[in-house]
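A.B. asks: Whole structure, please, built from the sequences with the hints as guidance.
Protein chains in written order, with the numbering used here: chain A, 1 to 238; chain B, 1 to 297; chain C, 1 to 366.
Think of the hints as simulated: they come from the structure by calculation, not from any bench.
Be a bit skeptical, because a hint or two may be false.
What the hints assert, rightly or not - Partner residues are not named here, just some residues of chain A that face chain C (Cβ under 7 Å, in silico):
#1 PHE49
#2 HIS69
#3 PHE70
#4 ALA73
#5 ARG79
#6 PHE81
#7 ILE87
#8 GLN89
#9 LEU90
#10 ASP94
#11 MET98
#12 ILE99
#13 GLU101
#14 HIS102
#15 SER195
Said to hold, decoys possible - According to the in silico footprint, chain A covers these stretches of chain C (three or more CB under 8 Å from chain A):
#16 200–213
#17 222–231
What the hints assert, rightly or not - Ranges between beta-carbon positions, derived for each pair:
#18 C/ALA149 x A/HIS192: 56 to 62 Å
#19 B/ARG174 x C/PHE295: 47 to 53 Å
#20 B/PRO9 x C/GLY181: 52 to 58 Å
#21 B/ARG174 x A/GLY163: 30 to 36 Å
#22 A/GLU181 x C/LEU36: 58 to 64 Å
#23 A/ARG110 x C/PHE295: 45 to 51 Å
Note that CB positions come from ideal geometry on N, CA and C, so glycine has one too.
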Amino acid sequence: MIEVDGLTVRFGGVTSLDGMSVTFESGTCGLIGPNGAGKTTFFNVLSGFVRPAAGSVRAFGEDLLSMVHFRRARWGVRRTFQTEQAIEQLSVFDNVAMIHEHARLRGAGRRREVLDAIGFVGLDADPWASVATLAAGQRRLVEVARAVVGRPRLVLLDEPAAGLPDAETRHLSEVIRRIPEQAGALTILVDHDMSLVSACCQTTAVLDFGKLIAAGPTAEVLRDERVVSAYLGTAEVV
Amino acid sequence: MPSWQDFQPFIVTGLALGGVYALSGVGMVVLYRATGVVYLAFGAVGAMGALIAWSLINAGSPGWVGWLVCVLFGGAVTLGYGVVFGPALAKRTPLTKAVATLGLLLVLFGVMDLLWTTSGGESRSITLPTDGSGFTIGQVQINWTQVIALGAGIVIALATGLFLRYTKLGTAMRAMANDREITATLGVPVRRVEAAAWLGCGLLAGIAGVLLADLVALDATTLTFLVISSLAAALIGRLRSITFTFLAAIVVGLVQNVVTPISSISNYSDLTPFLLAAVALLAFSRGSVLSRSREEA
Amino acid sequence: MADTAVRAAGPRQRPPLPRPGTGTLVRTGVAAALLLFVLFALPQLMSLYYVDTMIQVAVYSMVALGLGVLVGRVGLVSLGQVAVLAVGAWIAARILFATTQPFPLVLLEAGVITMVIGTMLGLPALRLRGLYLALITLMLAGAIAIILATTNFPNGGHGFLGYNGSLVHIPPIRRPSIAAGDPAYFRYSVVVAALMFVLVLVHIRTRPGRAWAAIRQSEPAALAAGINTTFYKLWAFALASFITGVAGGVYAGAVHYLYSLDFPAQDSIILFAVVLMGGAYSLWGAIVAGLLLEFLPALLQNWGVSADWLTILFGIGVLLTLTTAPAGMADQVPKDLARLGRLLRGLARRGAARRGGPAGVARGDG
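C.D. replies: Printed below as a string of structure tokens:
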């Protein structure tokens, strides 16, 4: 369970997050909102790249914000990025194993855990192949594998399906749905693809201009007229 | 410890140099705000202009022709560089853009050493007509060149500040500092605004070249690397504030020169711009992992 | 909250551990052959003038190697490596004059002390990013140059600075007893350089190398993977400083007399330009950089052409490199070597087939 309380982030004159208070209970949770709503900023707070002006985040009972950013991976925060790609010069195995290397997880089962993660995401490629030889969809899977290897506690997926064709998005959707039960991690999914969010997420929170405007079961939230008007900019409910 | 009187002439030279650093620093800041380029070749351009002026004057041209050519040379080369390489590198990081100007620096440096070699042991100098006349305040002699240098710094800093705030072109430059693409969609002729910034900066480089060649030395290496002092001022102004750049430039010039009569550290006076810039850089860096993508360097 | 690791969805298969590919073996073979050639054949083929030059090539290849680690592997731009070289040379000269320690030990000490200095200066500097980091290295280099111009280099005098301005007969900096003459010292410097290359190679293939690749790709992503980016960046600084310090020691022994004129400010910029052009990422690029920095000017000087043309060329090179191929020219070299390797393999296979050997079908290759 992730409890966010009064989270406020300011950049220069812009308030990216404005008193965000929400609780992510378990399973896969969606986080949606128009562009610039603050979703990536929220992830950046969780990753430790941005210090909030106010507010707190308690993750499974612990104060997340007091942890140094690079130690959060060891604690169990995993993340994919919108634009950052898997490291081309390294092999698939090395990419996924990176967490292990630096988070000092038990080395004994490391190889097996890395290979399991690669199998879990259904990546059908030679683990020793250089990532540079993989297609975009496969690279995404490498990133997801990185996010689920070992014992993650919190998996943050930032638009993992962006730019992917339908077939691969569907495959990704199945993988994401299985993360909580297989890895035992709470997953927060940010994406603009509503069908992906509906398929994977039991609950969803909605941000608009840094403020939380709705949270609850996904189907209800997606029908909420405040959410619709935030996206469309009109008061009319279609 | 030297007396107040011993310091006085160095305060004057410090202020004069500070004035030139100020106009140079302001030029670099304006260019950075408009294009994202830290113009490291600023000093080299001025140096070569000054050498061209020297050659012309040596060949018999009247002084003012030489200075004019120097200023125009600065403007032409800088504008040329900006027009050719600016768009090609527009989308790259500020680091890449700055390193590219090092390429220009090397080309100019090589040309200068080729055409105006100093291996023969000859030294050149430029004198401005205002060197000879001046006035005295108390015990200190001040010549008009020094007055012009400080005056130019003040005038250009003021004018640039007003320009950026109150003119259409200036406002456009400030907008582009934030986001080139968005500014373009607002209908601002981005290429033209950039060209204006390059030209303005280049002309200032030429002016600085003449003044520094007179006040310091007409030597390619010295003049090229004097850009460090102007850069220090610009960095203390966080590559943003005209006012702080101006003030920092005066401080850099003063400290560097006022230290001269203190024999124990005078050898290290040239460290001033380096140390001040390093301190400024470190003090102003907030260690945030993510920064605004366009403005951060 | 289940405390289980992710289980694979399908049947588990254990793929074999990676083996060094044939390409790597060929590359290593070529490198070894080249090294042997340089060590034994080259000094015989060249006049003393060029042997001297090649010693400088070895020195600057090491400096370029260090800079290549910073720029090519981690993505940190340093515009002051020649100042670091000067510091290394200073330290080596001071120790060589003050003690009778064996030369290799002095090299090691020069490397270590330079490394300590580099790391101490790097620590505050690393809070900066990209452009600001590059600028602060430029500032630090300028500061070091000014300090050295005043303190001068050790010349056998006493005191901490070891400089005696009124010495009439300045003793030369000594060389190792086994490598007093120039050809022997050339071999010595090549061996030292080779060791530095091996050191870097070891780094690249293990954990720091992978961490650097992650940092170069994206620092936020590296942090999110648990990499302590500050630590690994410092490590890169330390490694580059160590190698450059050792290079400084070799340089001191090479020239016998050190002057601050040896390390002008523009050399750091030219060094960076050349590393950029030679390919900061590949190790071969460092050798190309060394050749461009020292061999080419010596060649031109021999032909009566001014080295200024090279400065101009390097300036143009920087501009072209940045506007076109960011990785630099020497990325081509490894690709050509790989092709050469495949060609040789193909020839070997065909030769074996003709002799009726066990090699099967001779496949065409390209």
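A.B. asks: Hints first: check each against the structure and report whether it holds.
C.D. replies: Structure-based check of each hint:
no. : hint                            : in the structure
1   : PHE49                           : 6 Å, holds
2   : HIS69                           : 5 Å, holds
3   : PHE70                           : 5 Å, holds
4   : ALA73                           : 3 Å, holds
5   : ARG79                           : 4 Å, holds
6   : PHE81                           : 6 Å, holds
7   : ILE87                           : 5 Å, holds
8   : GLN89                           : 5 Å, holds
9   : LEU90                           : 6 Å, holds
10  : ASP94                           : 6 Å, holds
11  : MET98                           : 5 Å, holds
12  : ILE99                           : 5 Å, holds
13  : GLU101                          : 6 Å, holds
14  : HIS102                          : 4 Å, holds
15  : SER195                          : 22 Å, violated
16  : 200–213                         : holds (count 4)
17  : 222–231                         : holds (count 7)
18  : C/ALA149 x A/HIS192: 56 to 62 Å : 60 Å, holds
19  : B/ARG174 x C/PHE295: 47 to 53 Å : 49 Å, holds
20  : B/PRO9 x C/GLY181: 52 to 58 Å   : 55 Å, holds
21  : B/ARG174 x A/GLY163: 30 to 36 Å : 34 Å, holds
22  : A/GLU181 x C/LEU36: 58 to 64 Å  : 60 Å, holds
23  : A/ARG110 x C/PHE295: 45 to 51 Å : 47 Å, holds
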